[in-house]
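Enquirer: Sequence:
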Amino acid sequence: MKSISIALVGDYDPSVPAHQGIPLSLDVAADDLRLEIKASWLATENVKDTDLSVFDGIWCVPKTPYVNADGALSAIRYARENLIPFLGTCGGFQHAILEYAQNVIGWNDATHAESSPQGQRPVISELACALVETTETVNIFAHSQLAAIYGTTAIQEGYRCRYGLNDEFRHTLLQGPLVASADDETKEVRAVELTVHPFYIATLFQPERAVLSERRSPLIQAFVNACVQNQGL
1 MKSISIALVG
11 DYDPSVPAHQ
21 GIPLSLDVAA
31 DDLRLEIKAS
41 WLATENVKDT
51 DLSVFDGIWC
61 VPKTPYVNAD
71 GALSAIRYAR
81 ENLIPFLGTC
91 GGFQHAILEY
101 AQNVIGWNDA
111 THAESSPQGQ
121 RPVISELACA
131 LVETTETVNI
141 FAHSQLAAIY
151 GTTAIQEGYR
161 CRYGLNDEFR
171 HTLLQGPLVA
181 SADDETKEVR
191 AVELTVHPFY
201 IATLFQPERA
211 VLSERRSPLI
221 QAFVNACVQN
231 QGL
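For what it's worth, UniProt numbering labels the leading residue of the sequence shown as 1, then goes sequentially.
Just so you know, these hints were derived from the structure itself, not from any lab.
Among the hints, erroneous ones may be present.
The list that follows gives simulated cross-link-like pairs (lysine to any residue, SDA-like), each with its CA atoms no further than 20 angstroms apart [what the hints assert, rightly or not]: (1) Lys63 with Gln20; (2) Lys38 with Val228; (3) Lys2 with Ala30; (4) Lys187 with Pro198; (5) Lys187 with Arg162; (6) Lys38 with Gln20; (7) Lys48 with Tyr78; (8) Lys38 with Leu52.
None of these values were measured; they are calculated from a predicted model.
Make the full structure from the sequences, and use the hints.
Expert: Quick look at the structure:
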């Protein structure tokens with residue numbers, strides 16, 4: 001059986017629902033595509049000592065603050081610069097935006113308010129209304145890669161999150177090639193994608209929760225398929 005290898009960048013905690021759903025979601029995708037997925041949990045403090053080139057895809061997973069945020073940011077940067085399929089969910093969404101702000105926009109002082117509450121440029125700030133253990137409607141922007149994946153412009157997804165993109169910096173950060181691809185009734189950004197990358201999508205919602213309700217996630221299926229294509233299977 002053909003196989004692919006995926007790095008799950010984050011600090012594993014078996015009590016976290018998203019962490020429970022990730023391997024189950026990958027199992028569903030593996031069955032559908034008839035392949036083996038070797039998913040490796042990669043603690044953020046171990047990223048610097050890991051050869052990321054051995055992976056066909058990188059998924060930056062929920063549960064922040066990370067033990068070593070720099071490790072997560074370096075893995076995201078590697079995926080972005082080397083055109084490796086990338087999926088970021090919840091904390092992965094937040095750090096994908098932070099990495100872009102620091103290394104593409106050039107804001108060396110860009111921070112995440114959860115880990116740096118006194119930061120001068122908090123591109124990731126506390127949500128006006130926390131999204132904790134809730135399911136909400138996500139409005140996907142037409143003509144986005146995300147819309148093509150879901151085949152619709154309105155979906156229901158689960159959250160456990162208190163931080164998101166600071167709207168003060170939205171225009172500068174998301175004028176391209178990183179662009180917003182979804183929001184909700186608050187009009188706050190709930191997903192971004194990189195238009196110059198084969199597969200680089202980050203969502204504040206947690207699609208890995210779908211499997212816990214016995215539903216398939218089109219996004220995770222698409223990510224796995226991108227990993228297969230990246231390997232050239």
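Enquirer: Hints first: check each against the structure and report whether it holds.
Expert: Structure-based check of all given hints:
1. Between the alpha carbons of Lys63 and Gln20 the distance comes to roughly 12 angstroms, so the proposed pair stays at or under 20 angstroms and holds.
2. For the proposed pair Lys38 and Val228, the alpha carbon gap of about 12 angstroms is at most 20 angstroms, so the pair holds.
3. Of the pairs offered as hints, the one joining Lys2 and Ala30 holds, with about 10 angstroms between alpha carbons and a cut-off of 20 angstroms not exceeded.
4. Under the criterion of a C-alpha separation no larger than 20 angstroms, the hint pairing Lys187 with Pro198 is inconsistent with the structure, at around 26 angstroms.
5. Restraint check for Lys187 and Arg162: the C-alpha separation of about 16 angstroms stays at or below 20 angstroms, so the hint holds.
6. With a C-alpha separation of about 16 angstroms, the suggested pairing of Lys38 with Gln20 holds against the 20 angstroms cut-off.
7. Among the hinted pairs, Lys48 with Tyr78 is consistent with the structure: their alpha-carbon atoms are about 11 angstroms apart, no more than 20 angstroms.
8. Proximity of Lys38 to Leu52 is assessed by CA-CA distance (about 14 angstroms); at most 20 angstroms being required, the pair is judged to hold.
Of the numbered hints given earlier, the model fails hint 4 alone.
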